[in-house]
Each structure stands twice: as structure tokens, then as C-alpha cells.
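K.L.:
If you want the building blocks of each chain, they are given just below.
There are 2 protein chains.
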Amino acid sequence: MLNLYFAPHTCALATHIVLEEVGADYSTTRIDFDKGEQRSPEYLKVNPKGRVPALVTGQGVLTETPAMLVFVAQSFPKANLAPIDDPFAFAQVQSFNSYLCSHLHIAHAHRMRGHRWVEADDMHSIEAMQRKVPQSVGAAFEYIEKDLLKGPWVMGERYTICDAYLFTLAQWLEKDGVVPARIPRVIDHRRRMSQRAAVAKAIAQELAA
Amino acid sequence: MLNLYFAPHTCALATHIVLEEVGADYSTTRIDFDKGEQRSPEYLKVNPKGRVPALVTGQGVLTETPAMLVFVAQSFPKANLAPIDDPFAFAQVQSFNSYLCSHLHIAHAHRMRGHRWVEADDMHSIEAMQRKVPQSVGAAFEYIEKDLLKGPWVMGERYTICDAYLFTLAQWLEKDGVVPARIPRVIDHRRRMSQRAAVAKAIAQELAA
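Listed in order, the protein sequences are those of chains A and B. Per this note's numbering, the very first residue in the first sequence carries number 1; after that it's consecutive. Per this note's numbering, the very first residue in the second sequence carries number 1; after that it's consecutive.
I should point out that these hints are in silico values taken from the structure, not numbers from a laboratory. In this text, all values refer to a predicted model and were calculated from it rather than measured experimentally. Be aware that a few hints might be false.
Given that identical chains are not distinguished, each listed pair holds provided it fits within a single copy or across any two copies.
[As the list claims (entries may be wrong)] List time: in silico SDA-like cross-link candidates among lysine to any residue, alpha-carbon distance up to 20 Å:
no., residue 1, residue 2
1, K201, W172
2, K49, H105
3, K146, A197
4, K146, G60
5, K146, R185
6, K49, E142
7, K45, D147
8, K175, V22
9, K175, N3
10, K150, N47
11, K45, E142
Bound conformation, chain A alone (with noise of 0.2 Å):
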């Protein structure tokens, strides 16, 4: 049995979307932000980093998110959400899900986490990385929209893992400060997401959790 660590609006959401695709036999922890939850003794035994996603498996836990992707896929083949066989088309799956956890989420992360790359009292440079945000996510999702994004889905005809996982951060561009008109396959792209059934029943459970 997995259990999933979570809080709402964070990229946890991708790996639960890819849970409920698969059809996997999971519970869900919530960590509560708000009161430092995810710094408690208790939540630094289930992971040392304080951050979530962490996915608890009958193996160990896991973290980092394009790692929890693959490992849910893999471990659910018949859902046949990454073609890991494939070299090629795995790589591509792959880096872009590294593109999105590595410049994606950390341009975004300049606006609210900016105390992990200054001093958390230098609110000269807290406010000058969140001022580029806008510039910084926009491009990202830009290059998502013209060279990535291969249409209906990132991969082309099939869904993947890399489907949950756009979708998750492209939850943020608006507070981003992100021009939606100027994505506007990257939005459609979000809509259709949100019409899938796991998609829905996902963050319903967060919202309610």
C-alpha cells in the first residue's frame, strides 16, 4: 500500500493524478504548511528534505517528483503512462520532466521560496526575484508552448506522466504573473486535464483532505 504526503497547490498533485490513473491502492497524508508540518520531528523521519511529495512505498520512501512519476508508472505498467522500453521516447519523457522540475518549478519557487537562495531578511533581493518571475516562468512556459507540447498531449497521441505533471505547475501562472493569451496550448491544455476524471477526483481529495 502507498501512502502519499502532500499539501494542496504544491507539485504533490502530479504524482496523486498519476496514483488515481493508474488505479493504485493508496492513502494520502496531508501536511499542514501553515503550521510548519512539514519541519515537525515526526515528518523529517518520513523525509530529512521537509518538503513534500514524499510517496511511502513497501520498499522505502521517495522523493523528488520525476522520480515518484516514473516509479508509479513502472510500478503499473498496464496503465501505460511511460514508455520506459522505449530509450529514446523514455528520454524524452524524461527531460521534460527534469526541464519542469529544474527551470520550471524553480523560477516559480523565486517568488515565494526566494529565502533558500538569500538571506530571508534581504528584502531587497526577496522583492527584485519575485519582480522576474514573471519573465522567468513566462519564458519557460513559452518554450513549453512552441517546442515541447507536441499536441493533444506533451508526447503527442499519448498520455504520459509528463501530462499530470505540466498540468500541476501550469496550475500557478497566473499568480505567476504569466500572460495566459500568450500560451494558449499550454491552457487548452490545462482545460482538458481538468475534464479527466482522475484529475478531478485528485484534487477534490486535496481540497477535502
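Given the structure of chain A, go ahead and fit chain B onto it with the hints provided.
P.N.:
Frame of chain A; chain B shown alone:
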């Protein structure tokens, strides 16, 4: 035939090492950052991201180190550099690599690439980011030292793609202001890696190119 676009002293070295480890038939092309070749029209046709590394394969171009490392390992299965058939063990490999690309490398990048996240002429913020690097990169290495590096190799007895990646990022730690004495196991790993023939050959090729 594979071709690796690289620049010396970048994370391209990780893929270069793995190409050597598996005995691949490959060539390399050096991109001269001093001349801004990563932004040349010719190179942007190869990699629109304008960065290294990029790996040209018979099926197309791949970018993003975690994806490239798995691609090479999976394409040369006899070298046994990633436990792709074991979902949990593979997820651990992927989680480690994802941490390096989205956390350690990103922390490091705030020393010389601060303009990605604030305006390039905002010297207060650029320098504030630089001052935080010893702490942020140091904390990541200390976490690796304490929790992730199983020993003798990253994943334990088995040498994997993770070792090439960790070694590559560990090239920069002194310049990042990290105190080597605080991470003796990482330093010992780096020393043992440097003694491997594949590693020495990849480094020699990059410096001679």
C-alpha cells in the same frame, strides 16, 4: 553514432563519463562559452535552450542530464549502470539525480547565473545570491554526505550513473565556498572517482578539445 555537445567545467562531464564507462562509440563537440557559442544560431538549432549538454542520437537530440544519463545506461545495458528493471532501486537512482539537478546544481548556479532570477544589473541581489552559495550548496552536500551517499558508491556496492553525476558537481564545491572537511565521504568518493580510467579519459578529452 552519438555526439555530445559540451563545455569544460559544466555538468556535461557527467554524461561524458558515462559514455566512456559504457564504451560507447561517440564524438564530442566543444561549445565555447567565452565566444557565446551556446547562443549561436547553429547551436540553437541543436539545442534551443542555449545550454550544454546536448546529446545527438540517431533518433534526435536529447537534453537534461538526468534524462541523458539514463538514456546512455539503458542503451548499453551490459554496462549495468542503472537498475532500470527494479522500479524502487531505479527510483532511488532517479531521485538522487533529480536532487542534484534541481537542488544542488541550482544552488550552485546562483553564484554565476544569478541573472536568471533577478535583473542582470541588480548587483545588490546578484551579490546577495553569491553570498548565500556556500551555505546552500554546503547544506546540499552535507545532506548527501549524511543521508544519500551509501558508500562506497552512491547507491552502495553498485557503481551507477549517480556516481558520475555526483563527481561532476563535486568539482565545483571549493569555488562555491564549501569546506571539504565537513564532507569527508563526498571528498573520498571524488578521489576514488578520479582514479577511474573512464573519468580520467573524459576529463582529459574535455581539456584537450
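K.L.:
Hint by hint, note whether the structure agrees.
P.N.:
Here's how the hints hold up against the structure:
1. K201 - W172: within (19 Å within a copy, 45 Å between copies)
2. K49 - H105: Both: 17 Å inside a chain and 16 Å across chains, each within 20 Å.
3. K146 - A197: Neither: 28 Å inside a chain and 42 Å across chains, both beyond 20 Å.
4. K146 - G60: between (39 Å within a copy, 17 Å between copies)
5. K146 - R185: Close inside one copy (9 Å), not across copies (44 Å); limit 20 Å.
6. K49 - E142: Close across copies (12 Å), not inside one copy (31 Å); limit 20 Å.
7. K45 - D147: between (41 Å within a copy, 12 Å between copies)
8. K175 - V22: For K175 and V22, the Cα distance exceeds 20 Å both inside one copy (30 Å) and across copies (45 Å).
9. K175 - N3: neither (30 Å within a copy, 40 Å between copies)
10. K150 - N47: between (35 Å within a copy, 17 Å between copies)
11. K45 - E142: between (39 Å within a copy, 17 Å between copies)
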